[in-house]
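Two chains, two separate frames, one set of hints: put the complex together.
Protein chains in written order, with this note's numbering: chain A, 1 to 112; chain B, 113 to 221.
Read the hints as simulated data drawn from the structure, not as lab findings. This structure is a prediction, so every number in the text was calculated from the model and none was measured. A couple of the hints might just be wrong.
For each label pair, taking beta carbons as the anchor points, the in silico distance ranges come out as [unchecked claim]:
id	chain 1	residue 1	chain 2	residue 2	range
1	A	S67	B	A153	24 to 34 Å
2	A	K79	B	P221	41 to 51 Å
3	A	R97	B	D115	45 to 55 Å
4	A	D99	B	D170	35 to 45 Å
5	B	F121	A	H5	24 to 34 Å
6	A	Q73	B	G113	36 to 46 Å
7	A	S29	B	N164	29 to 39 Å
8	B	D128	A	P14	28 to 38 Å
9	A	P14	B	D181	44 to 54 Å
10	A	P18	B	N178	15 to 25 Å
11	B	D115	A	P18	17 to 27 Å
12	A	V95	B	G113	40 to 50 Å
Backbone N, C-alpha and C define an ideal beta-carbon position, used for all residues, glycine too.
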Amino acid sequence: SQTIHQWPATLVQPVGSPLSLECTVEGTSNPNLYWYRQAAGRGLQLLFYSVGIGQISSEVPQNLSASRPQDRQFILSSKKLLLSDSGFYLCAWSVSRTDTQYFGPGTRLTVL
Amino acid sequence: GEDVEQSLFLSVREGDSSVINCTYTDSSSTYLYWYKQEPGAGLQLLTYIFSNMDMKQDQRLTVLLNKKDKHLSLRIADTQTGDSAIYFCADNAGNMLTFGGGTRLMVKP
Chain A
1 SQTIHQWPAT LVQPVGSPLS LECTVEGTSN PNLYWYRQAA GRGLQLLFYS VGIGQISSEV
61 PQNLSASRPQ DRQFILSSKK LLLSDSGFYL CAWSVSRTDT QYFGPGTRLT VL
Chain B
113 GEDVEQSLFL SVREGDSSVI NCTYTDSSST YLYWYKQEPG AGLQLLTYIF SNMDMKQDQR
173 LTVLLNKKDK HLSLRIADTQ TGDSAIYFCA DNAGNMLTFG GGTRLMVKP
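Chain B with its partners taken away, still in its complex shape (with noise of 0.2 Å):
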C-alpha cells in the first residue's frame, strides 16, 4: 500500500523560512495536500496542490511537488510563532487518502 514519510520535528526561530518535507511511494496520486493541526483540536486544510503542477504559492506558503523523486514540500515564508503547529501531508494514491505521521514545527521568539 501507499507510504507517505515526514520528519517528525522541525524547530525554526521567527522570522526565519520554514520548509517541512514529505516523501510518498505511489505515483498515481491526483491531489496532494497539507493539514495544519493546532494543539488540542482538529486538522484543518491549509493547501494542495495538484499532481500535474510543480509548484502552488498561497501568500506565506508554498508547495512544491517533485513528482521524479515523489517530494512534497510546504514553505512557511516569515514563520510566527502562531504557525507552531503540526503539519500533515497526504495523498489520495490509494483508495483514500494516506497521512503521513505529522511533523510538529515549533516557532522560537
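Okay, chain A solo, but in the shape it has when bound (with noise of 0.2 Å):
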C-alpha cells in the first residue's frame, strides 16, 4: 500500500532563516505530488505541483521554492524566511491531476 512520509513534523525557526521540508511517497510510482500551506485552521493554498522529476509548477508567486530530485520525492525550501511562512504545510499525491489526493501528516511551521 502507499504512504506519504512528511519530515519534521514541527519546526521553529527564525526570520532570515533557511527552510527545507521533505515529503516522501512509498509504494507507488511517479505520482503526482502537491505542496499545501494551510493558515490557523482555515482553508488550503496550493503552493507547487509537480507532475514529474524536475518539473514544477508555481501557483502563487513568494520567497518559497520547491524541487523534485527523485521521483518520488518532494521538497519546499526557502532561503530567507518571513514571518508570513508561518503555517501548516501538507504534502499530497495523486495518481493523476484529477485524482484522488492522498495527505501527508502535516509540517507544523513556526516563524518568530
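Put into C-alpha cells, the structure is as follows:
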C-alpha cells in the first residue's frame, strides 16, 4: 500500500533563516505531488505541484521554491523565511492530476 | 476557474445529525469528495461520489449530490464528539482537485 511521509513534523525557525521541508511517497511510481499551505485552521492554498522529476509548477508567487530530485521525493525550500511563512504545510500525492489526492501528516512551521 | 464554497462553521449536539453543505460552479466533475481534517493532522479521505450518482451511504455517512443545483452535502448521523473536525469538499472539474474552504464542525456533549 501507499504511504506518504513528511519531515519534520514541527519546526520553529527565526525570520531570515533557510527552510527545507521534505515529503516522500512509498508504494507508487511517478506520482503527481503537491505542496499546500494552511493558515490557522483555514482552507488550503496550493503552492506547487509536480507531474514528474524536475517538473515544478508554481501556483502562487512567493519566496518559497520546490524541487523534485527523485521520483517520490518533493522538497519545499526557502532561502530566507518571512513571518508570513508560518503555517501548516501539507504534501499530497495522486495518480493523476484529476484523481483522488492523499495527504501526508503535515509540518507545523512557526517563524519567529 | 472552478469555485467550491462551504460555510465556515457548524455546531451540533452529540447524537444529533450534522449536515455539511458545499456548492460548486463547474458541472464537468466526474468525482466529488469529502475529506476530514482532525486537529494537527493531514486531510483524510472520508468518502467520494461519482457524478452520475445522487446518493451514497456508508455507515453513518450519507452523501447527496444535486447536479441541477450544483450542491453536495454530507450528512453525519448520530454525531459524536470524535466527529469534531474540519470537513473539506472537493471536485475534479478543473485540471486538478479544487477544494472548498472547509467547514469546522463542533460537537457539543
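So which hints don't hold here, by number, going up?
Hints 3, 4, 6, 8, 10, 11 and 12 not satisfied by this model.
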